[in-house]
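J.: One letter stands for each residue in the lines below.
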Amino acid sequence: MKLQFRINPVTLKELRQLVRSRLILWGMAVLPILLLVTTAIVLSSEMHDMSPMEVTYGKGLGGGPLIAVAVITGIVTCGLIPLFTSIKTAIETSKTSLGLEFTTALTSAQIATGKITAAAIISAIAVALAMPFFVLSYLMRGVELVSTVVVPLELFVAGIVMSSLGLLPACSRRPIAMKIILLVALYTVLPIFATSLSAFMTFRSWHSGGTSSSWSYAGMFFAFVVPLFTIAFCRAQAAAELAPPHTDFARTLRITQIVLFAVGYPLIFSDEDPCAFWSGMWTLVAGMIALGAASRPLPVTRGAVIHAPRSWILRVLAFPFATGSMPSMFFAFLLATASMSMLVLITSSSFDFNDARRIIVHAFECGALVVIAGSIARVILDAHPRLAKSLGKIAVAYIAIINGLQLLTELDVMDRDTLWPFPCCIEGARRLPNVHLVIAIVMVFAAICFVMVATREDFKRFRKP
Amino acid sequence: MKVEVTNLVKTFDRGFRAVDGLSFSFSSGEVIGFVGPNGAGKTTTMRIMSTLDTPDSGDITLDGVSVLDHPEQAHRLIGFMPDDLPSRTDTTVDEYLDFFARAYGLRGAAIRKAVEGVEEFTGLTEFRDRTLHALSKGMKQRVSLARALVHDPAVLIMDEPANGLDPRARIELRELVKALGENGKAILISSHILSELEEMCTSSVIIERGRRLNADAAVSAETWIKLRFLPDVNEKALPILLETPGVIAAESSGNGWRVKTASGDEAAAALAEKLFARKLVPILFEPEVGKLEDIFMHVTKGNLA
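As you go down the protein sequences, you meet chains A and B in turn. Residue numbers 1 to 465, in my numbering, belong to the letters of the first sequence in order. Residue numbers 1001 to 1305, in my numbering, belong to the letters of the second sequence in order.
Since the hints were made in silico from the structure, they are not lab data. It should be emphasised that the depicted structure is a prediction, and the values quoted were computed from it without experimental measurement. Beta carbons: idealized from backbone N, C-alpha and C, even for Gly. Wrong hints could be hidden among the right ones.
Okay, derived cross-link-like pairs now, DSS-like style, lysine-lysine, Cα gap no bigger than 30 angstroms in a straight line [unchecked claim]:
no.	chain 1	residue 1	chain 2	residue 2
1	B	LYS1140	B	LYS1113
2	B	LYS1113	B	LYS1002
3	B	LYS1236	B	LYS1178
4	B	LYS1178	A	LYS88
5	B	LYS1178	B	LYS1140
6	B	LYS1002	A	LYS88
Some, not all, of what chain A presents toward chain B, calculated at C-beta under 8 angstroms [claimed, not checked]:
no.	residue
7	LYS13
8	GLN17
9	THR104
Between the sequences and the hints, there should be enough to build the whole structure, so can you do that?
T.: This is the structure:
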């Protein structure tokens, strides 16, 4: 089959529309000229500041142009293109013109993927236009060859991340003013923790004369793993926001969360502090979202009931995956724990049983806490909505405080022995493994009980073939 | 293809029941007028049928297959034409239809064939390279119809397709709908222009406050026949009309008479027979009974089925 028929229809549509956008066309036309002028100005400035001896002996001049080209390209890929994608999507969702796409064979995940892919292609074109100038900076010396490859690649990845982030407020079912506020908030806060930081770290590493040997695991994590996490999560969240009501709209999000937990959770225990820090942050964010999803009454869809296995046992086993409410989240944590243990077993050269145990104990504690809080919130939600929301906030606050304190202890800012017995405390699981094992077991059983009570109505619907 | 809507219920926030136990059915080749006052639940029902919304209870089946349980199958069988079309400056008619052909899962040469086919059917071939923004309202409705037909669905759901159209565009749309009905598509069409619906629909469903109204009661309650004679026999016809069994009353109407009969077809047949027997040949013999506007006005006073 020809390539054009393999392309996501949404990507094709978006690209066709972008080609007709004067803003994009003018931007692409002006970008090389702007880069050329900027490079010339920076070069002449650097040469002006150098002594004749330095010029004669060919001191590297590439650093300055590399920074200038990276900044301009970064503004385009991480700023203008994501902004354009976000505004365009926000207008589409506000005018409900996306609705008709859900009468077709397209899924909301395909629509979200199509939009991100189109933004990625435009970002790739922008980076390609800048590539000659990156190569020029290498030819001017003073910059490692690998920098001229990795910096543009970073800008490209960061651009996709920013476009993905931009989709979140754009796809949400909120007033346009709220979408703009969310967009600004995302663009100002998250880049600090994610892509801009990673791009900066990568760039700094090489620009300061570093070589590939200085390229640490933490740097790799920031540069590529974090963006991939973010893209995957944003795609799933956007798909969940866009999905029409007849679908199991949280499915993609659920699957993504399971995968993210499975991949990300072990990194909390990494020896690399930045990895542990960021992964901990991510787990906290995902935990809060899981809690929100757990507390939301999300009935089993008709489609899930129809497609469930006929066998009673298989039906019971399939139930947690058929609903976006807390049972599936509970299983997400269990799966994450199992996957994580396997990952640790496979990858760790110095694996020992105690490490695995504390990891599993902590995972079960976190999972159980989310499930319990979500279950309580869901039960109370109908009768006392405000109280349920308050309880949810208290649970989120608890996790946030514990994680915050944990972060401070890891950074040696504080040493609180009293913190160790608290559920979900990573260091506590390390220091008091047996205590936390008991806590985890109790919490898991409590969570199961809570789930059974909270979802009994869903299960009644689901259990009959 | 038989479409069955069974006990459909949809409640929105604050307990507002937009659709309240609605049931009706229609089959291939039928063009059903879906009539009701503003806020009666027409669009909600159509959105549920198109899988854009979900009901609280009830079901919609296509040849026995539930639209709600198997939406992916329903997407292949249903074409939905909403009452508006996005007005884009960056998308041509051809690209718009091409996108939906791909979105419906068509691949390879089938895409061009389907797009060119619907463009030709709806008379859009010469407008294919225009952007959606540059089209008139009538042309936009044609594009919307073409989009709904691009995957050749067996069922077509049209929400207020004649809304905002000029008389010429309305007539053209009517002819297209008639042609589609003759091609065997099952069509559900809503409109406020009842005279338009009457000309293209094989039957109608009238709803109010989310419930189906009993139009049959209105049809049997009052039956009027419009008659016109040559001027020299017009006055002679009145006594004959009044003495015909089943005729309740007769009133002057321009150059002719409006005759009220007790029942529908039987009374009309008896009247025609009597007039021809007395050699009073009418130049116009038109039953007014069952006119959609009359029925609508009668039943939307709260006469719930």
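J.: Could you tell me which of the hints above the structure violates, numbers in ascending order?
T.: 3, 4 and 6
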